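Asks: Could you build all of it, start to finish, from the sequences and the hints given here?
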Amino acid sequence: MSATTHIPTEARERPPILVAGPIAWARDNLFNSWLSTAVTLALIYLIVRGIAGFLDWGVLHAVWTVPADAKGQLDPTACRDAKGIGACWAFIGDKWRFILFGRYPYDDQWRPAICVVLFIGLFVVSAMRRFWRKELGYIWLGTLVVIGILMWGGILGMPFVQQDSWGGLPMTLILATFGLALAFPLAVLVALGRRSTGLPAVRYLCVAYVELIRGVPLISVLFMASVMFPLFMPVGLNPDKLLRAQLGIILFGAAYLAEVIRGGLQALPKGQYEAADALGLTYWQKMGQIILPQALRLVIPPMVNTFIGSFKDTSLVLIIGIFDLLTTGKVALAEPIWQGYSTEVYIVLAVIYFIFCYAMSRYSRGLETEFSRTARR
Amino acid sequence: MSQAALQPDTQPAIVLDKVNKWFGALHVLRDVTLTVGQGERVVVCGPSGSGKSTMIRCINRLESHQEGRIVVDGTELTDDLRALDTIRREVGMVFQSFNLFPHLTILENCTLAPIWVRKMPKAEAEELAMDYLKRVKIPEQAKKYPGQLSGGQQQRVAIARALCMRPKIMLFDEPTSALDPEMIKEVLDVMIELAESGMTMVCVTHEMGFARQVADRVVFMDRGEIVEAGKPIEMFENPQTDRLKLFLSQILRGH
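Residue numbers (my numbering), protein chains in the order written: chain A, 1 to 377; chain B, 378 to 632.
Wrong hints could be hidden among the right ones.
[Claimed, not checked] Derived pair list, reagent style PhoX-like, types lysine-lysine, alpha-carbon separation capped at 25 Å:
hint, chain 1, residue 1, chain 2, residue 2
1, B, 545, A, 286
2, B, 608, B, 395
3, A, 286, B, 499
4, A, 270, B, 521
5, A, 286, B, 520
6, A, 241, A, 330
7, B, 499, B, 520
8, A, 241, A, 312
9, B, 545, B, 514
10, A, 286, B, 496
11, B, 499, A, 134
12, B, 622, B, 608
13, B, 545, B, 608
14, B, 520, A, 134
15, A, 286, B, 521
16, B, 545, B, 499
17, A, 330, A, 83
18, B, 562, B, 514
19, B, 496, A, 134
Since the hints were made in silico from the structure, they are not lab data.
In this text, all values refer to a predicted model and were calculated from it rather than measured experimentally.
Replies: Pasting the structure below:
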């Protein structure tokens, strides 16, 4: 470069504030013409009004507690009076344990509470790559056994609790965790089966399974599992309702997941299969070491999409009378003194669902960036 | 056909006997008959679509043939999976597009097959892999991923990966065709060194300089059949068929 002008170092490193930075961004994107300025201002007005309205209802005019009479009976008059103006959080304060744990015996609700913590711990551990090894399988097995013992009890001085009494968040987590943990390996097998050229019978079976399941809504699968299935089984040989619903969720999730994984298998270049063959790897070695690790990485975003969908779909067990988180919320509403406060319950339920789904989504984005850093072609 | 390199008491490394193959209605290999002796270096050339890649891919059954016999190292290629495993263990292959495993490091690319197929302990496999990475002159890249290497480096890793299985036979399917010109030499140098070490090699390539330098025999294919075969000098100086003359003139014009 000739004719250098002496610009101070600081100024060169940092562009002027009107060229880059939030002010420049806003000018370029929000106020670059009269029309966009008008739209921006209108939207700002709506957003501010919306937030203000929510704060007004949810915080300023909200009823946080209601007085109880001598017998401990709550008096919801304050909530009645505030209806339409302020939220009745007193309702949530009264019923939150029922919403979270359902009809599980009140004094033993520390047990499902620990189970929820264990589930979350299990997810966190599984999410960390440094634990991705064989021992993780044992950790899962051990944790699930402990969860089973805690939920059922009957030993170690814990009273036995029938499965009909389980409910709330632990139930949702049980349905989703078992559903996805078992649907995933099944989906891998179905995806591989659907692409197998050597065994046409296996391929047709996998195609039939996927098409059949995809052709019906989850609700009908659950109905069949809960109502029709017992009709076909001999008396006495009838797995319980939860297990049947769980099976329905697994079979349903696996069909969708299998199609996602198949997409990943198809996206891999043929050369990867050939190189593995030429080295003399067996079919399972080839799939386990070369093909699946790459194919699954390719489909992380759609796979997590399916995971999130299945997690929320577990709430459909409501219609066959299993007490998951959504059901307990609805049943809490049925209590005479708390009728009519559905908005409050659904906000709480939505927040709980959102926390889990958003965590999944963030995690998958993290994985994607990590993989794209290491394995660039 | 010249069989100078073949010692009388050893079986040939590869025998193709009247091999025929069709892709649908397209007849891609017509009565291909070829014997490769132990330690022999054969270069296969021919215009694109002549079936040369298909032939080499039949030798380790990436493609299956429909008629004729293929015997590799005394084992006949059939539908028997055990025979196929035996052959693939003894035959290494290098592809035009490298086909390294992008999710594994260079070292892991090289140790994977020895560990899983040969059941070699990991430490031993890594030592072996480092030996071969030194031979192809890139031991310092062992911890990197394929995507971080140049094409020439990737192809040399691919050669090392195949050699880590200690194969008796090496197949090369246009190993330099996907490379930028300045990288071709580094790969050919490695291949020449390998040829001088006595490895049995079948190379599909258009590198006539390479053929002249190392090939015991050049095989010219066109439209699915072997048209002419012989020592490189005879073939290039004194082509017998019009098809080879035409091919050579096209190749030379291109250079």
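Asks: Determine for every hint whether it applies to the structure shown.
Replies: Status of the hints after comparison with the structure:
1. 545(B) - 286(A): Roughly 22 Å between the alpha carbons, so the hint for residue 545(B) and residue 286(A) holds.
2. 608(B) - 395(B): At roughly 22 Å apart (the allowed maximum being 25 Å), residue 395(B) and residue 608(B) satisfy the hint.
3. 286(A) - 499(B): 18 Å, holds
4. 270(A) - 521(B): 23 Å, holds
5. 286(A) - 520(B): Since the Cα atoms of residue 286(A) and residue 520(B) sit roughly 22 Å apart, the hinted pair holds (cutoff 25 Å).
6. 241(A) - 330(A): 20 Å, holds
7. 499(B) - 520(B): Distance ~15 Å between residue 499(B) and residue 520(B) Cα, so the pair holds.
8. 241(A) - 312(A): 19 Å, holds
9. 545(B) - 514(B): 22 Å, holds
10. 286(A) - 496(B): Given that 25 Å is the threshold and the Cα spacing comes to 15 Å, the pair holds.
11. 499(B) - 134(A): 17 Å, holds
12. 622(B) - 608(B): 15 Å, holds
13. 545(B) - 608(B): 23 Å, holds
14. 520(B) - 134(A): Judged against 25 Å, a Cα distance of about 24 Å means the pair holds.
15. 286(A) - 521(B): 22 Å, holds
16. 545(B) - 499(B): Holds, at roughly 22 Å.
17. 330(A) - 83(A): Holds: residue 330(A) and residue 83(A) sit about 19 Å apart, inside 25 Å.
18. 562(B) - 514(B): Holds, at roughly 13 Å.
19. 496(B) - 134(A): Since the Cα atoms of residue 496(B) and residue 134(A) sit roughly 19 Å apart, the hinted pair holds (cutoff 25 Å).
When the structure is compared with the earlier hints, no violation turns up for any of them.
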